[in-house]
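In the order they appear, the protein sequences are chains A and B.
For the first sequence, my numbering assigns the number 237 to the last residue and increments by one with no breaks.
For the second sequence, my numbering assigns the number 382 to the last residue and increments by one with no breaks.
Hints are not guaranteed to be accurate.
What the hints assert, rightly or not - What follows is a set of in silico ranges between Cβ atoms, one per label pair, in the way DEER data are often shown:
| hint | chain 1 | residue 1 | chain 2 | residue 2 | range |
| --- | --- | --- | --- | --- | --- |
| 1 | B | Pro-40 | A | Glu-43 | 27 to 37 Å |
| 2 | A | His-49 | B | Ala-117 | 31 to 41 Å |
| 3 | A | Ile-199 | B | Ala-14 | 48 to 58 Å |
| 4 | B | Ala-45 | A | Asp-130 | 22 to 32 Å |
| 5 | A | Gly-198 | B | Lys-353 | 38 to 48 Å |
| 6 | A | Val-21 | B | Ala-14 | 20 to 30 Å |
| 7 | B | Lys-353 | A | Asp-146 | 37 to 47 Å |
Keep in mind the hints are simulated off the structure, nothing from the lab.
Source: prediction; values computed, not measured.
Even for Gly, the Cβ is constructed at its ideal location relative to N, Cα and C.
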Amino acid sequence: VEPALTTAWFDEQSRMTPEEVHSVAFPTSRLGRRGYEEGAVREFLGAVHAEFLRLVNERTSLWQEVQRLRRRIIAGEADGDSQTVLFGEADAHIHAVRILSTAQVTADRYVADAQDYSTRLTEEARLRRDEIMHEAQQYSDMLLDDAHTKAREAAVSALNVAAAPQSDEEQRAAQAELAYLRTYSDVYRAHLRAYTEGILRGIEEWERKETASLQEAAQGLPTAGARAIDGNAHLHH
Amino acid sequence: LDVARLRESFAHVAVHGDELPLFFYSDLFLKHPEVREMFPVSMAAQRSHLVDALVKIVSQVDSVDDLTAFLQGLGRDHRKFGVVAEHYDAVGASLLATLEHFSGPAWTPELAADWQAAYELIGSVMTTAASADEQLRPPWWRGTVVAHEPRSFDVSVLFVQPEPRMDYLPGQSVAIESPSRPRLWRYYSMANAPRQDGLLEFHIRLIDGGAVSMALTSKTVAGTELRLGPPVGVLTLGQPVSSRDLLLVAGSTGLAPLKAILDQVATLPQPPKVHLFFGARTADGLYDLDNLEKMAAQYSWLTITPAVPADPKFADPKFADPKFAGETGTLADVVARHGDWSQHDAYLAGPTKMVRDAAIRLAAAGVAQDQIHIEDFGWSQP
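With the rest of the complex left out, here is chain A:
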């Protein structure tokens, strides 16, 4: 008998037995309350459902196999020759449908895997982006404070210096303002440059790590899967 027309990705080892259904024990719900935990029951029902689907499909396949053999016997009797019609045209077609279906499910699986991988990458990128934004915000607040403090000091000292005989009130104020702004801008620019360089280094490191992990993932997978994942990963760049 040929294998059943069941192309879903079931694990042969974990088939459910009637014994399991009979002896299943659900964990009880919260303390002091009777009844099964909903999640456990739902999971079990899911497994029963999958098994049921499989049985139904196996039964259909077996019925078709019986029909095929029956046709073969009848054809053999009619011809008086048991060698004829071993595998009719209709049977060949069903066989081909089965092969194509298996191939399609495999393709679907690879696409779904690649999609999952791509989802994970975007999620990570999103989290990473939130972190970077947060850091940048904090750092920028700090920079501003620092620049402000330094500039105020500069302004104060400019005021003191400007006690020179020829300067009037306005000129001193303007000089103080100018010193403030110059220092503020110098300090801010220096900090900003350092910070931007820091971020660039962080991005380079991130890219390097991503490439490394992609290569690692590619090595651990069959060729087709690795290709699917690589193909998907380049969408992000």
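Since the structure of chain A is already known, use the hints to place chain B on it.
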């Protein structure tokens, strides 16, 4: 046509689950290999669409009006995929072969004749609608992306010039196919009422792992030529426009169809009062708030209330925009807080859960069902 027998037969084969559409498409592609290229690589979503459509047809087979409208829509909708009359025979043959295969001993000549007759009926409604549609409009429009504007981390606004000009009702949507993601169509709403120059505005949010949204939010989309399906959707103002004031509730890019409706309201001789609630996960996600506030300043009939959730994760000061002056809470909560909406027409668009929550809340607060408008793609889930 024995409806009860068809139903029983369908229930009998439906227990085979995904194997049913799997067999159907394999049979179809083996007999007509040239049809394969009309479909995407992964057929998983396609299979569930087929089963959903069959379930809907079989369950509605005795409410002829609903079913006819559904099938007509389906027939028109399939034109954009390049489906022509000859394909219907091929599909019918494979459908019958599939039903026969899974019916086992229950398959009789009478049942086969019933299914054959039912399919011919379905096919003729679909092809008649499709050929009537041919007289009115193209199967799809070429749409050149003339501008791509990133508005926030994950939202981009596209301006698309369709060729030929496209007529539609404000609030409607089209399916979009990007050249870099062939055979994958996703629905997006036009965010403007039809304009003199025919330009269409779309708001695209990057979905994690979303193949099409990724292609459409990428800056390389500028200058490319998209395919646009025919405009569809029922999230539109009634004809004639009702005299009630309007409540618009938009979550994220659900803003697009409601902004098109705002456009339309602005052209009315006597605009009703409009209150638009615009919500997002974070203040940063209120990607079009500046434009909306400009509109509110211009039009005395328009009130805008932005909202972001009070969820502690997002209310964290590190994400909060100190300049944000909107409300906190889920859209459903914020809308409910703003009083009595029972005399309004409500239009809701956005993430499924948000729309459902808001609709339930409004209904509970006494807004009649026929005053609550949400998009129902029915035969063509976005």
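These are the hints, each one checked on the structure:
1. The beta-carbon spacing between Pro-40(B) and Glu-43(A), approximately 31 Å, falls within the hinted interval of 27 to 37 Å.
2. Take His-49(A) and Ala-117(B): their Cβ atoms lie about 33 Å apart, and the range 31 to 41 Å holds.
3. Between Ile-199(A) and Ala-14(B) the C-beta distance comes to about 56 Å, which sits within the given range of 48 to 58 Å.
4. Restraint check, Ala-45(B) to Asp-130(A): a C-beta distance of roughly 30 Å satisfies the suggested window 22 to 32 Å.
5. Roughly 39 Å separates the CB atoms of Gly-198(A) and Lys-353(B), a value that falls within the hinted 38 to 48 Å.
6. For Val-21(A) and Ala-14(B), the Cβ-Cβ distance of about 23 Å falls inside the hinted range of 20 to 30 Å, so the restraint holds.
7. The hinted range of 37 to 47 Å is satisfied by Lys-353(B) and Asp-146(A), whose Cβ atoms lie roughly 45 Å apart.
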